[in-house]
Amino acid sequence: MTIATTVADQGEQLVITISGRFDFSAHQEFREAYESIEPAPGRYCVDMREASYIDSSALGMLLLLRDYAGGDNADVQIVNCNPDVRKILSISNFEQLFTIH
Amino acid sequence: MADPIRVLVADDNDVDRMLLTTIVRKEGYEVQEAVDGFDALRKFVEHRPQMVLLDAMMPGLDGFEVARRIKEQAGEEFVPIIFLTSLTAADELARCLDAGGDDFLSKPYNKVILKAKLNALHRMRTLHVTMQEQRDEISRHHAHLIQEQEAAKAVFDNVAHTGGLDVPFVRYLISPLAIFNGDVLVAARNPAGDLYVLLGDFTGHGLTAAIGAMPLAEIFYGMTQKGFTPGEILREANRKLLGILPKGYFCCALMLVFNFHKGTVEFWNGGLPPAVLMRARGHDLLHLTSSHLPLGIVSEERFDASTRVLEMAAGDRLLMCTDGIIEARDARGQAFGFERFDQIIGAAAADSPFDRLKQAVYRHMGASGRDDDLTLVEITMVTPEQLGRDAAPVEPERPAGSEDWQLSYELGPRSLRASNPLPLLQHIVMEVPQLRSHASAIYTVLAELYSNALEHGVMGLDSSLKASASGFSDYYQARARALEALDGFVRFEFACQIDGSRGSLRIRVRDSGPGFDHAARIRELSLEPRGTAYFGRGLRLLNNLCHSLEYRGCGNEVEVVFAWSDEADGAIERRAAR
Amino acid sequence: MERLNDALLDELRDLMEDAFPSLLQTYLRDSELQFMAARDALASGDLESLGRCAHSLKGASSNIGAVQLAEYCCELERSARQARRERLPLALELVSDELREVRAAVEALYRAC
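Going down the list, the sequences are from chains A, B and C. First residue of the first sequence: 1, per the working numbering; consecutive thereafter. First residue of the second sequence: 102, per the working numbering; consecutive thereafter. First residue of the third sequence: 680, per the working numbering; consecutive thereafter.
I should point out that these hints are in silico values taken from the structure, not numbers from a laboratory. Note that the Cβ used here is the ideal one computed from N, Cα and C, for glycine as well. Treat the hints with care, as some may be off.
[Said to hold, decoys possible] Computed cross-link-like contacts, DSS-like style, restricted to lysine-lysine with a CA-CA straight-line distance of at most 30 Å:
1) B:LYS172 - B:LYS144
2) B:LYS127 - B:LYS172
3) A:LYS87 - B:LYS459
4) B:LYS172 - B:LYS254
5) B:LYS127 - B:LYS254
6) A:LYS87 - B:LYS341
7) B:LYS212 - B:LYS127
8) B:LYS327 - B:LYS341
9) A:LYS87 - B:LYS348
[What the hints assert, rightly or not] Listing some non-contacts, in silico: residues in chain A with all C-beta distances to chain B over 10 Å:
10) GLN10
11) GLU12
12) GLN13
13) ASP55
14) SER57
15) ASN73
16) ALA74
17) ARG86
Let the hints inform the model, and build the full structure from the sequences given.
As structure tokens, then:
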């Protein structure tokens, strides 16, 4: 599992790219990925192109990101999910909390 | 300063041994000398050196044999052995390793190299000792944790155990310590005898999960027994969990309410794998998929507690699991998966797929499997007759209570939208001691009267929508929409009369709706064979439970009389006790 | 080739300090014993003992820097282990001649201490 970040749109958007298994082992790294960016961008995008799997603790981490990014006013997108990842997200109905493409 | 490390030097050649001893001693080690193999073993037992330098070729017992015996003696302790050898052939060196050698030193001895090797092996030894200590500590901790889990499990059982699952039509598999893996399974009857089941899966393991499970079980049992609706229970559970769980932790849950009189199951799925409904007749599987966020994520305002209702005939089975089963992995890391789950259920025809599912999961996981995370439940719909009379709690003692009273209770639009009057009304009626043994019937009567007045009266929903299986679910969607827009009232009037051993409770319900052609409706119902229609069951139920049932006026007012006598009750209780 | 490696001997002197003469003495005694045992073993045809004696003498000799002698011992040990009897008398003679020279050098060193 690796996590990479890129700042896009003149600092307006932070893209967090997840590779491999997105599970509890990513906890620290994932948090640091968005907490270390100053100033905080307005929008967040979690790119799952390389993510093979996510578990429920990863869902919890996404909720923490959403909370950090403003809770109900957060602009957090989750993009490029493979079908397995997509299934986990939709069983938990995370469409209601995140923009998922 | 710590005690010097003891090193055994075993070499039959005096010159070599003298040299080695000097080098090793100068490095600050304490040296024991041995002049041959037997001497080496003796000195090892006597002095318990922490490292050994061993000549491979010695008369009597050679170095290989000595190494083997030393390692045997040392047991779990790591005693590094350096072979002293001028052997160079690969197979001879391999023999040294096979015998337990950890390194080599060749002649002529080089002080610098020997020093480096001793230091390296000493570090390795220290690391080994640390690891062993940590391992021992972990296993002590583990034993302690297991003990604590068992204690906590006992506490949880005290809070949660009501035996709601111990009926023949419910089969379940849940690890004894599953609560610490985040799985919760609770079941209870509401006053009307409906079976409420809640299956929960908390994120995370250990304490967080266990902490959440306690209040969840308490809310579930407390509110179910008081007659709250599943939506109300879920709302309360969500509110509570949102308050106590750390951010990022939540509880995926499936709530089911089985109504055995009507043959329905009401469900709410927030984040659990779809429960599978298999019909006793027909092969189609119906999936009760998750359409809600799990509990403990969103605030009360955003929480959606709306449920769906499905018709469920006697013999139909419902199978549910937490993701431990779906995610169970085989040796190659392949998950068990939804498809396999469905396939096995589909192949079961009318039989119970429970055992087959269980076996398939165990087989899939093979030897590597842990059964900690596996929670599987199968519930088969039964008829009220199969269910028996022991469903509702019976309170035989008769303390003094109200004897004759009247009560009028009117709900306006806001109350109709937001609250459920049944727990309150049930509570008031239960103030009459003689009625307590009829709690289940009373609750059912109240619930039927209320839903008729609200749904058909105030909201004007057409119950003939329920005439088909698909209309059945359309009906409940229409109900949810109508509830948002509703205007009007429902009024309850109670009159209770007690005369010695006999008594009656008259319940009159009036709603703001336009009424209906009740005479025609009752004629129709009397012509239909029992149980074939999706609607009309409510009326039949009322008719069976009450002494009399009468519609008044344009049909927006109904009066039922629930009558009892102690003689009849006594007979029923005696029969139930048998 | 030199009889004794001077650099190695200097190191040994540093290492052993006061025990250096004792080390030399031990070598003189030990090498004598091993060589006699080797000669007897060859005479009685006990190749295994011969190999072991050659091995022991080889190790001690290499440790005091008698490089050439260690090589002759190695050759003797190998021939004994391979049971190449025809080579053994010559191999032992090479060890015998070199050992005499080495012992003379070690004795001189000892006397100089």
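Could you work out which of the previously given hints the structure breaks and list their numbers from low to high?
4, 5, 13 and 14
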